[in-house]
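Protein chains: 2
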Amino acid sequence: MNLPVSDCLISARWIVPVIPSGVVLHHHSLVIRNGRIGAILPTDRIGDEHRTLPRVELPHHLVTAGLINAHGHAAMTLLRGYADDLELDDWLNNHIWPVEGRVVDKSFVYDGSMLAVAEMIGTGTTCAADTYFFPPATADAFSDAGFRGQIGIPVVQFGNAWAETELQHIEKGLEFHDSMKHHDLITTAFSPHAPYTVSDAGFNSIRQHADALDIPVHLHLHETRNETEHSRPLQRIQSLGLLSSRLQAIHMTQLTTSEIDLLARHDVNIVHCPESNMKLASGICPVLALGESGVNVALGTDGAASNNNLDMLEEARSAALLAKVSTRDATGISAVDALEMATINGARLLGLESEIGSIEPGKSADLIAVDFSGVGFQPVYHPISHLIYVASGAHVSHSWINGQCLYHDRCFTHLDVGALRTRVDAWQEKIKAES
Amino acid sequence: MNLPVSDCLISARWIVPVIPSGVVLHHHSLVIRNGRIGAILPTDRIGDEHRTLPRVELPHHLVTAGLINAHGHAAMTLLRGYADDLELDDWLNNHIWPVEGRVVDKSFVYDGSMLAVAEMIGTGTTCAADTYFFPPATADAFSDAGFRGQIGIPVVQFGNAWAETELQHIEKGLEFHDSMKHHDLITTAFSPHAPYTVSDAGFNSIRQHADALDIPVHLHLHETRNETEHSRPLQRIQSLGLLSSRLQAIHMTQLTTSEIDLLARHDVNIVHCPESNMKLASGICPVLALGESGVNVALGTDGAASNNNLDMLEEARSAALLAKVSTRDATGISAVDALEMATINGARLLGLESEIGSIEPGKSADLIAVDFSGVGFQPVYHPISHLIYVASGAHVSHSWINGQCLYHDRCFTHLDVGALRTRVDAWQEKIKAES
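First to last, the protein sequences are chains A and B.
In our numbering, each number is its position in the first sequence, counted from 1, plus 989.
In our numbering, each number is its position in the second sequence, counted from 1, plus 989.
Keep in mind that the hints were calculated from the coordinates and are not lab data.
For clarity, every value in this text was computed on a predicted model and none was experimentally measured.
Glycine residues also receive a C-beta, built at the ideal position from the N, C-alpha and C atoms.
Please note that the accuracy of each hint is not assured.
[Claimed, not checked] According to the in silico footprint, chain A covers these stretches of chain B (three or more CB under 8 Å from chain A):
id	stretch
1	1103-1113
2	1266-1277
3	1305-1311
4	1356-1365
5	1372-1382
6	1409-1421
Please model the complete structure; the sequences and the hints are all you need to start from.
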């Protein structure tokens, strides 16, 4: 999609720039030029040079950096609520994988990803790290929608509709990486599924290619107690030479103190998926201890099939509440911490911290506005507290990516949601028929 | 408020009657006459006798019983987000109680309660159990809004703006109870604050009066580890003769197996407040074990000062997710269980199970509609799963109490929200100035 550049002035009741931490600017405006943040000014001190810009007035709104969903499976949005209230192994082996085997193809991935992108744009997420079969189809959906993301190259031992062998996954992935090299919104990563589905040879090949191409490795790791009962997969990942700042380790609900030290020493990045981990009874990632050890912890929704939405504000609230109750420390993870997990920490994980994750002059204008006008937001003492503990994605009114407004006053400006709905309805019928 | 009776026919894509458990009716209609549910019919089989009724068409909506918030402090909505990320003792002693001491009066309670009622009506709650100072002011707000509730008579040892001594609380409470005897929407209960703030004499007097008047006792109990560290307050409550089906025990995050048996033997009702317990790091109520022992567990948000909203759909999701992760059992508390906690279990706790809590002919028409039309709800395989795991209060489009539509297509039909906002803004300024 070739979206128009739209320079503008965004004047908001509150702006939360994320950096510096915890700051709330009252009655400020953002100058957006050429897709970037030009300046942050008190609204009553906007100079003549900016006065002619089209103005977006947000008198009851909080504007902050676009949220970064650091782990998901966009295409699986077509399986939202398909099978619930089950353990991970039962859920995967007896429900999700069988239906995927019957219906997943390129068009499933494109349509499911577009559905996810629409939901994410409409709930304040402007960038997502994704991993699923047919990554070029996910990339097409993201690109067509003007949505930013890191698309993982899936690698698994078992054959599927996209690739037959580990080697074939890697070969097709390299081709895909090559095709994306110059894309301004899409980056790539290797995404070996998990230690229990990828061989040593597969991991070795991934490590070599990831180092050569300088791209991340996005890996489900220590997701459940079952996975870590008889051995510590993290040890194997270490012995395979994969522990580095390149590694994005997803879930990590089972960690000893010495493993946390190990992760800190190697600058490994963690993605915490609290709602998926709670819903599948997987366990609790020790985000407070990780943070205290200096480990970067970002936040992800996981797929809609195990969440069952892609609402990052809700996820941030769950992250804060779960951390408090599980550590018996109400002060450990604050609203400010949760917001940082959902923004700048995600940017760091993706290696994009100079481009997105906060509102700073020169950064890309990836922004959201949240409407605080409803009775459920009154009164307002601490806007960041409201953003995390009161708001949910349904209160997001605007989303910008690269300065392009993709969601304006709760309406999609570019996506043809009606046509998308028709395709999703057809998928629902097909999936029901295949069940 | 004297609201008009409005007979109508509500035709919905899905109706979830709550009883029978887990049932979803597709393309059905509800006949509402004289504030009650007259019939539940397939929409294509509506008889001539109903065709002339005004029709509410809800083609993309799920209609279910109005949600019942079994524990809250409505007036404290004026302190929403006033002090966050703190332990309960610090939060109460150093923040909430001092500011309450400076600002709470009858008008604070009326305005704060009205703000809470507006939020609850707009997020699908149609009945709430409340406890706070100046209960007549809360009752006035509920009554003026046409909102249903159980208003607690607060009893504490320390003096406050409403009453000076325990005895005075009880005396004023009896007067209040007397004034409410014939109200069709309001019931009363005694609400001793907690074992650590009420004397044996106070509890004895409460027990005698509650038995004589046949009203419940609504009590914060075993909320935190601190409270139960040196003794078991539940033992004291038992020895004071208060364990019975009349007791509504709130929080109960600290329970041994034998205490659960004790509660079950005495038919004590429990209110689980997962988000408040998480946010204040209080602990986790063992709802699965309680349910397996036959104990009735309802759901509450607690006050907006510790939540920070009154969204019962979000609370139901948190209840399900927290139960799963804390018991390591993804199957224990299902979406259906969570919905029942938020509806019929609340009705049982209030002694109103023949009147509200499910959609059955003859029951009061306390209903809500949730709009499933957004992209974030697609596709729909299991509507009850979507209601709990996808929807939040922001997706509620309609609320009826006693057959009166108080919220229609996301607009308040009776409440003057503009005037309420003005009063709330004034309270915000006053509270900030007093801080």
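**Q.** Numbers of unmet hints, in rising order
**A.** none
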